[in-house]
Each structure stands twice: as structure tokens, then as C-alpha cells.
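Trainee: Sequence:
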Amino acid sequence: MARFVRWYGSGPLHLLALICSFALTGYAMVRLFALRPLDVAVWFVGAAILHDVILLPLYSLADLSAHSVVRHRIGRLPTVPWINYLRVPTFLSGVLLLVWFPLILDLAVPYEGDTRLPEGVYLGRWLAVTAILFGASALAFAVRLRRVHRAARADEERHPPDHGAEP
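Counting from 79, one number per residue, gives the positions in the sequence shown under our numbering.
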């Protein structure tokens with residue numbers, strides 16, 4: 079088993095999950111291409127171009143900007159890797175905006191008959207969900223930071239630094 083993990087890089091359960099996801103993706107592709115091959119091909123090419131040409135540079139720039147702002151404003155960086163506590167809510171909020179942008183920005187024909195909601199509620203609700211995501215992430219970061227500092231303090235009490243001890 080150890081030889082397999084060294085060769086593959088992870089356990090057999092990971093490999094099984096990967097094979098299953100590729101099988102499911104292949105099945106979906108066969109079914110979609112059978113129905114509307116041109117539309118699916120255009121969608122894949124458009125998604126690849128949108129991601130690689132537009133979105134990747136944008137979120138790379140945002141990530142570098144976040145690192146730069148924190149590096150210049152804080153004397154020392156937190157001991158906990160903080161960037162994922164910013165990336166995750168940003169990603170989730172961005173996905174919600176990407177999926178619902180016609181309704182959030184009032185660009186779509188109203189769906190009031192389907193959702194029973196008036197047109198103007200989507201922006202406020204998206205902003206509220208985004209605020210909740212960032213608040214939950216900040217709370218999780220604060221809890222993690224407190225645990226790390228508490229563990230460091232406990233370790234320091236168990237092993238106090240030796241200042242000027244005589245031989």
C-alpha cells in the first residue's frame with residue numbers, strides 16, 4: 079500500500095473517486111453531445127476562453143492585491159494561513175453572482191410568476207449572502223487564530239525560554 083501511495087501520491091479511495099468523476103463526466107458529455115453537439119462545443123470553448131482569458135487574470139490580480147495590502151499594512155503576518163479565509167467566500171459569492179447576475183443586476187425578464195419575488199430583491203439578498211459568507215469566514219479565521227495563539231501560549235508555559243541561564 080505504501081508503494082502505491084508513493085507512486086500515485088494519494089490513497090486508493092482518491093483514485094476511485096477520480097475514476098468515478100471522470101466516468102460521470104464522460105457520461106454527461108456523451109448525453110449532451112448527442113442532443114446538441116454544436117451548443118455544447120460552443121459552451122465549452124466559451125467557458126474556457128472566459129476563464130483563461132478574463133477570469134484567471136482577474137482573480138490572480140485580486141489575490142496578489144490582497145497579499146500586497148496585508149504585507150504593507152501589518153508588521154508581521156498571522157501565523158495561520160489567512161488567504162483561504164478570503165478566497166473561499168469570494169469564490170462562493172462570485173459563483174452566485176455568475177449564476178444569478180441577470181436577476182441581481184435587473185437584466186432579465188422578471189420571473190415573478192415562477193419565484194413569487196419582485197425584481198428588486200435579488201441584489202439585496204446576494205449582498206446579504208455575501209456578507210454572511212465573509213462574516214462566517216472571519217469568525218472561522220478568528221477561532222483558528224485564537225486556537226493557534228492558545229496552543230503557542232500553552233507550549234511556551236510548558237517549555238519556558240531559557241534567558242541567561244548559568245552553567
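Keep in mind that a hint or two might mislead.
Beta-carbon label-pair distances, calculated as ranges [said to hold, decoys possible]: (1) H237 to L195: 25 to 33 Å; (2) A95 to R194: 36 to 44 Å; (3) L183 to D141: 55 to 63 Å; (4) S138 to F179: 16 to 24 Å; (5) L223 to L134: 27 to 35 Å.
In case anyone wonders, no lab produced these hints; they're calculated from the structure. Since this is a predicted model, take the numbers as computed values, not measurements. Ideal Cβ placement from N, Cα and C applies to all residues, glycine included.
Trainee: The structure should be examined with respect to each hint, and the outcome stated for every one.
Mentor: Against the structure, the hints:
Between H237 and L195, the C-beta spacing of about 59 Å breaks the proposed range 25 to 33 Å. Remark: the range hint 36 to 44 Å for A95 to R194 is upheld by a beta-carbon distance near 39 Å. Against the hinted window of 55 to 63 Å, the Cβ-Cβ separation of L183 and D141 comes to about 25 Å, which falls outside the hint. Judged by the Cβ atoms, the range 16 to 24 Å given for S138 and F179 holds: they are separated by roughly 21 Å.
Separation of L223 from L134 is about 30 Å and conforms to the stated range, judged on CB atoms against 27 to 35 Å.
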